[in-house]
Amino acid sequence: MVKSKPLAWLAQGLLYALFALIIGTFSSWPKYRHLAPEQALIKLSFTHHGKRVEDCRQRTPEELAKLPPNMRAPMQCQRERSPVTVEVDLDGQRIYRHVAAPSGLSKDGASTVYQRLEMLAGEHRLAVRLKDSAGGSDFDYRREETVTLKPGQVLVIDFNAEKGGITLL
Amino acid sequence: MAHTQKIPPAIPYLIRGYPWQHLGSLGFLFFWLIAVTGFYLFAVLDTSVEGVYSSIVWLTREQWYLGGIIRSLHRYAADAFILVTLLHLTREFLLGRYGGFRRFSWLTGVPLLWFAYISGIGGFWLNWDQLGQFSAVASAEWLDWLPIFATPFTRNFLTAAAVSDRLFTLLVFVHIGVPLLLIFGLWFHVQRINRAEVFPPRALGIGALAALLTLALALPVVSQGKADLAVVPGPLALDWFYLFLHPLMYVSSPASVWTLIAGITLFLLLLPFLPSSRRVPSIAVVNPDNCNGCRRCFDDCPYAAIVMVPHPQATIVKPGLQLAKVMPDLCASCGICAGSCPSSTPFRNVPALVTGIDMPQLPVEALRQALKLRLAALEGDTRIVVFGCDHGASVEALSGADVAGFSLICTGMLPPSFVDYAWREGAAGVLVTGCRDSACAFRLGSRWSEQRLLGLREPRLRFNAARERLCIAWADPGEEPELLATLTDFRRRLATFAPPPVLQANRLDGISPNTPETNAGTGGTADGQI
Ligand code: SF4
Ligand code: SF4
Numbered sequence: 001m002v003k004s005k006p007l008a009w010l011a012q013g014l015l016y017a018l019f020a021l022i023i024g025t026f027s028s029w030p031k032y033r034h035l036a037p038e039q040a041l042i043k044l045s046f047t048h049h050g051k052r053v054e055d056c057r058q059r060t061p062e063e064l065a066k067l068p069p070n071m072r073a074p075m076q077c078q079r080e081r082s083p084v085t086v087e088v089d090l091d092g093q094r095i096y097r098h099v100a101a102p103s104g105l106s107k108d109g110a111s112t113v114y115q116r117l118e119m120l121a122g123e124h125r126l127a128v129r130l131k132d133s134a135g136g137s138d139f140d141y142r143r144e145e146t147v148t149l150k151p152g153q154v155l156v157i158d159f160n161a162e163k164g165g166i167t168l169l
Numbered sequence: 001m002a003h004t005q006k007i008p009p010a011i012p013y014l015i016r017g018y019p020w021q022h023l024g025s026l027g028f029l030f031f032w033l034i035a036v037t038g039f040y041l042f043a044v045l046d047t048s049v050e051g052v053y054s055s056i057v058w059l060t061r062e063q064w065y066l067g068g069i070i071r072s073l074h075r076y077a078a079d080a081f082i083l084v085t086l087l088h089l090t091r092e093f094l095l096g097r098y099g100g101f102r103r104f105s106w107l108t109g110v111p112l113l114w115f116a117y118i119s120g121i122g123g124f125w126l127n128w129d130q131l132g133q134f135s136a137v138a139s140a141e142w143l144d145w146l147p148i149f150a151t152p153f154t155r156n157f158l159t160a161a162a163v164s165d166r167l168f169t170l171l172v173f174v175h176i177g178v179p180l181l182l183i184f185g186l187w188f189h190v191q192r193i194n195r196a197e198v199f200p201p202r203a204l205g206i207g208a209l210a211a212l213l214t215l216a217l218a219l220p221v222v223s224q225g226k227a228d229l230a231v232v233p234g235p236l237a238l239d240w241f242y243l244f245l246h247p248l249m250y251v252s253s254p255a256s257v258w259t260l261i262a263g264i265t266l267f268l269l270l271l272p273f274l275p276s277s278r279r280v281p282s283i284a285v286v287n288p289d290n291c292n293g294c295r296r297c298f299d300d301c302p303y304a305a306i307v308m309v310p311h312p313q314a315t316i317v318k319p320g321l322q323l324a325k326v327m328p329d330l331c332a333s334c335g336i337c338a339g340s341c342p343s344s345t346p347f348r349n350v351p352a353l354v355t356g357i358d359m360p361q362l363p364v365e366a367l368r369q370a371l372k373l374r375l376a377a378l379e380g381d382t383r384i385v386v387f388g389c390d391h392g393a394s395v396e397a398l399s400g401a402d403v404a405g406f407s408l409i410c411t412g413m414l415p416p417s418f419v420d421y422a423w424r425e426g427a428a429g430v431l432v433t434g435c436r437d438s439a440c441a442f443r444l445g446s447r448w449s450e451q452r453l454l455g456l457r458e459p460r461l462r463f464n465a466a467r468e469r470l471c472i473a474w475a476d477p478g479e480e481p482e483l484l485a486t487l488t489d490f491r492r493r494l495a496t497f498a499p500p501p502v503l504q505a506n507r508l509d510g511i512s513p514n515t516p517e518t519n520a521g522t523g524g525t526a527d528g529q530i
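In order, the protein sequences belong to chains A and B. Each residue of the first sequence is one higher than the one before, starting from 1 at the first, in our numbering. Each residue of the second sequence is one higher than the one before, starting from 1 at the first, in our numbering.
Hints are computed from structural coordinates only; laboratory data are not their basis. There may be inaccurate statements among the hints.
Within a straight-line C-alpha distance of at most 30 Å, the following computed DSSO-like cross-link-like pairs (lysine-lysine) qualify [claimed, not checked]: (1) B:6 <-> A:5; (2) A:150 <-> A:31; (3) B:226 <-> A:31; (4) A:51 <-> A:163; (5) B:226 <-> A:150; (6) A:107 <-> A:163.
All values reported here derive from a predicted model rather than from experimental measurement.
Please model the complete structure; the sequences and the hints are all you need to start from.
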């Protein structure tokens, strides 16, 4: 038990100092390093609608006649989209493969991918393949390139069919 | 004037009682500090993606004496807010304060943690420095584990070109909107607390603010390099109070962090419903025949457990007559209502004292009987009655030939007229003790008691006898030696006064009020054995 006032004041002061110390310390310490110093990062990300599972076809005149007049579209298209397959090779080794299913209950939405791939910085041979059609075994898009990644660098692999397919940013 | 003895607080009391009792109100204080500093920052910041970083850096460097300090205070107050909130939660958990009448406050407190973290983490993004970039990307990767976004949220932070001013406007909106939800939630959180303490005691508040200001001056918060999404930030001075989830995710996985957070939230939400948290409460009971609808119990109940309803005996003569009604789920069984009821006076000329609102485990009639008996058994000219409580310094330690100690559920359940009654029945003095105001187990018991005894609150003590014969000394467990010293001092003072009239009359009649067989001044328990 402490009866003297100065000691009680000191105790209070210490308590406030401790409070400030805790706040000051853990608001910035210990430092955190997300990626090891010699590492670089590839972010593979795209959102892309796969091709339709079935091609659109012309409706016959009989079929058209059966439809209400306001719904007589000449082409009939299935809504379902094909899944999108993506593969990434680094220096001849496959480091990632993923089949992204189309979103939506009717499987008519876009397939999306987001994947972080950590690797050593330096020169690498990078090959990316993407397939967005149901039939056949061959990939619809390919890109192969030698990249030099600096430590800490982020390389983004995206896909945009209108901009020529697989892009490296 | 009644003697109020101030027992100086001891160090264990500092640790056990004072600051820890006010974690909730400290949280309120820090919240308002965040809000006030946030207003300034919002007013001066350029909230475009390009402008935000440089405007904060300008504030920190060029206007360090105002904007810089405000920025640091904003951050440190946010850290302090989360720290006291987590301590508040831990303390209430350890004290088992989540079930029964506290269920509402507990359940409404849980979502506040989410709001605090959402607005806090979002605040780091708005700096748009490398720490903000890291937090934004990590949070987006974490959120994307749930299939909630049609397009992955992470794509908003894929490249510099992807980060739009529109997104930033949305983030500012969230950073302001969620704290508004937090205020609303805080209001709900204290709804069941009568006279909730939304500001800490002045000394504590000033001390805490001074500590933060000193910290802001000594260690100003600075930005950590402009965000550049083409580069992974190097070593970062991480704010572990808010951002610990990011490293945790990178050493485990988004799924495990979601499982952890969802698990903790679910645990906290289910806790008040677990069988172990149920108790068999002896809640306050209203006797309509003795309730005149004065609303004193309604005003004094610390947990808003009493509502006023129309009295069944309302007549044409008294059409608006009301009756107190106890909400069983909210009642803490503290008995403070019994102490507030005007019908609790022991002077009533009835064979058995029945009051308007009473505690079944310690009715006022049992207290009156015990007081009479025990007083009659005391010896000497300085017979002292001590009223204490089960949660404060033990009154057992004060027992003696001339001391009768009564341990109540809470000192607040003592009707002030019992002090008067004790004097009339032969007590030379009455010592009232219990938990210190800041540490009162039932929040307001000590405060209401003191105000009633000093005549500042209804029901007031009628000072028919000399006021010097009353001593009020609040003391927590562990402070029994100090309380004993206060009692000894009180006894010494009483010895200088003339004996109480009852004893003088007894002497004239040749009656000895002492009955040695029952002459043991022991404290009572909450189950009615006083
Ligand atoms: S016992 Fe306490 S919590 Fe219950 S009604 Fe009375 S004052 Fe309120
Ligand atoms: S204090 Fe007593 S009389 Fe007044 S409302 Fe409450 S129970 Fe009724």
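### Query
Within a Cα-Cα threshold of 30 Å, do residue 226 of chain B and residue 31 of chain A meet the stated pairing?
Given pair residue 226 of chain B, residue 31 of chain A holds - Cα atoms ~18 Å apart, limit 30 Å.
Pair hint residue 150 of chain A and residue 31 of chain A, alpha-carbon separation not exceeding 30 Å = At roughly 22 Å apart (the allowed maximum being 30 Å), residue 31 of chain A and residue 150 of chain A satisfy the hint.
Residue 107 of chain A paired with residue 163 of chain A [C-alpha distance capped at 30 Å] | Given that 30 Å is the threshold and the Cα spacing comes to 25 Å, the pair holds.
With a cut-off of 30 Å on the C-alpha distance, tell me whether residue 226 of chain B and residue 150 of chain A pass. holds, 19 Å
>> Next pair to validate is residue 51 of chain A with residue 163 of chain A; report whether the Cα-Cα distance is within 30 Å.
In response: holds, 17 Å
- Query: Taken at face value, is the distance from the CA of residue 5 of chain A to the CA of residue 6 of chain B at most 30 Å?
  - Reply: holds, 13 Å
Consistency note: the structure conflicts with none of the earlier hints.
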